[in-house]
Amino acid sequence: DTAVSQTPKYLVTQMGNDKSIKCEQNLGHDTMYWYKQDSKKFLKIMFSYNNKELIINETVPNRFSPKSPDKAHLNLHINSLELGDSAVYFCASSPMDQNYNEQFFGPGTRLTVL
Amino acid sequence: GDSVTQMEGPVTLSEEAFLTINCTYTATGYPSLFWYVQYPGEGLQLLLKATKADDKGSNKGFEATYRKETTSFHLEKGSVQVSDSAVYFCALRGYQKVTFGTGTKLQVIP
Numbered sequence: 002d003t004a005v006s007q008t009p010k011y012l013v014t015q016m017g018n019d020k021s022i023k024c025e026q027n028l029g030h031d032t033m034y035w036y037k038q039d040s041k042k043f044l045k046i047m048f049s050y051n052n053k054e055l056i057i058n059e060t061v062p063n064r065f066s067p068k069s070p071d072k073a074h075l076n077l078h079i080n081s082l083e084l085g086d087s088a089v090y091f092c093a094s095s096p097m098d099q100n101y102n103e104q105f106f107g108p109g110t111r112l113t114v115l
Numbered sequence: 016g017d018s019v020t021q022m023e024g025p026v027t028l029s030e031e032a033f034l035t036i037n038c039t040y041t042a043t044g045y046p047s048l049f050w051y052v053q054y055p056g057e058g059l060q061l062l063l064k065a066t067k068a069d070d071k072g073s074n075k076g077f078e079a080t081y082r083k084e085t086t087s088f089h090l091e092k093g094s095v096q097v098s099d100s101a102v103y104f105c106a107l108r109g110y111q112k113v114t115f116g117t118g119t120k121l122q123v124i125p
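Chains A and B, in that order, give the protein sequences.
Per this note's numbering, the very first residue in the first sequence carries number 2; after that it's consecutive.
Per this note's numbering, the very first residue in the second sequence carries number 16; after that it's consecutive.
Accuracy of the hints is not assured; some may be wrong.
Chain B stretches covered by chain A per the calculated footprint, using a threshold of three residues with CB under 8 Å from any CB of chain A [unchecked claim]:
1. 41–50
2. 58–66
3. 88–99
Simulated pairs of lysine to any residue, SDA-like, Cα-Cα distance not exceeding 20 Å [stated by the list, open to error]:
4. A:41 to B:121
5. A:42 to B:67
6. A:41 to B:23
7. A:45 to B:117
8. B:120 to A:43
9. B:71 to A:100
10. B:67 to A:96
11. A:45 to B:120
12. A:42 to B:24
13. B:112 to A:54
14. B:112 to A:67
15. B:67 to A:103
16. A:42 to B:57
17. B:71 to A:103
18. A:45 to B:55
19. A:23 to A:11
20. A:41 to B:54
21. A:42 to B:45
22. A:37 to B:114
23. A:42 to B:99
24. A:45 to B:57
25. B:112 to A:101
26. B:112 to A:55
27. A:37 to B:57
28. B:120 to A:40
29. A:37 to B:83
30. A:41 to B:82
31. A:41 to B:57
32. A:23 to B:56
33. A:42 to B:83
34. B:83 to A:101
35. A:37 to B:17
Calculated from the structure, these hints are not laboratory results.
Ideal Cβ positions, reconstructed from N, Cα and C, are used throughout, including at glycine.
Take the sequences, apply the hints, and build the full model.
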């Protein structure tokens, strides 16, 4: 199926650990994003990549590092996890970085830090 | 900077009731406007969009009109169903960035 996929769907880990979330899109899109959704459903942009190049880097701790090996993949690595990192993380993509293009979202990764 | 303001939820309606979820925005330039829907346990998916003033987006019985004079993009549906229960997000896309509203939870009861 053509889609945006994320792995894992659930991630439970201890404070201080390092973890990664992977995202892949097979839609041929140029732009990919990471969002964080908190328990109140508030959605916050974290990063945006266009053709493997970082174009948006919002105020996010340095512990979060995105990596885009090719334009179909955008992974998120988190160092030294903290309780406040618990959230649902969504990957998304869009055809081109034009304002008329909608975004296609993955199913989300629910991260729980204990 | 750009911003989107949505009415706070939750909104609880009986089946077949009329739905309005208000959305207003501030932006520079000529943004596009979107409504996304998030069903429980899933990612967001596009419901409808409008890319210029006076455009009307529509899908699955939902409608919204891009009103530049009132900077609004209110979502409406004439008769909601239980299956419409979800969280609805208004979004604005300007240069390089998408700004989302805080989301409005809709619960439709039989």
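These are the hints, each one checked on the structure:
1. 41–50: holds (count 4)
2. 58–66: holds (count 6)
3. 88–99: violated (count 0)
4. A:41 to B:121: Distance ~14 Å between residue 41 (chain A) and residue 121 (chain B) Cα, so the pair holds.
5. A:42 to B:67: violated, 28 Å
6. A:41 to B:23: Measuring from Cα to Cα gives roughly 11 Å; hence the hint holds.
7. A:45 to B:117: Since the Cα atoms of residue 45 (chain A) and residue 117 (chain B) sit roughly 10 Å apart, the hinted pair holds (cutoff 20 Å).
8. B:120 to A:43: At roughly 12 Å apart (the allowed maximum being 20 Å), residue 43 (chain A) and residue 120 (chain B) satisfy the hint.
9. B:71 to A:100: It holds: about 17 Å lies between the C-alpha atoms, which stays within 20 Å.
10. B:67 to A:96: holds, 19 Å
11. A:45 to B:120: holds, 17 Å
12. A:42 to B:24: holds, 11 Å
13. B:112 to A:54: holds, 15 Å
14. B:112 to A:67: Given that 20 Å is the threshold and the Cα spacing comes to 17 Å, the pair holds.
15. B:67 to A:103: Judged against 20 Å, a Cα distance of about 14 Å means the pair holds.
16. A:42 to B:57: Between residue 42 (chain A) and residue 57 (chain B) the Cα gap is close to 12 Å, so the pair holds against 20 Å.
17. B:71 to A:103: holds, 16 Å
18. A:45 to B:55: holds, 18 Å
19. A:23 to A:11: Given that 20 Å is the threshold and the Cα spacing comes to 12 Å, the pair holds.
20. A:41 to B:54: Roughly 14 Å between the alpha carbons, so the hint for residue 41 (chain A) and residue 54 (chain B) holds.
21. A:42 to B:45: violated, 27 Å
22. A:37 to B:114: Answer holds: residue 37 (chain A) to residue 114 (chain B) is near 13 Å, not above 20 Å.
23. A:42 to B:99: OK: residue 42 (chain A) and residue 99 (chain B) at ~17 Å, within 20 Å.
24. A:45 to B:57: holds, 17 Å
25. B:112 to A:101: Holds, at roughly 11 Å.
26. B:112 to A:55: holds, 13 Å
27. A:37 to B:57: holds, 14 Å
28. B:120 to A:40: holds, 13 Å
29. A:37 to B:83: With a Cα-Cα distance of about 30 Å, the restraint between residue 37 (chain A) and residue 83 (chain B) is violated, given a limit of 20 Å.
30. A:41 to B:82: violated, 28 Å
31. A:41 to B:57: Given that 20 Å is the threshold and the Cα spacing comes to 15 Å, the pair holds.
32. A:23 to B:56: holds, 18 Å
33. A:42 to B:83: Judged against 20 Å, a Cα distance of about 27 Å means the pair is violated.
34. B:83 to A:101: holds, 16 Å
35. A:37 to B:17: Roughly 19 Å between the alpha carbons, so the hint for residue 37 (chain A) and residue 17 (chain B) holds.
The structure does not agree with the numbered hints 3, 5, 21, 29, 30 and 33 stated previously, though it agrees with the rest.
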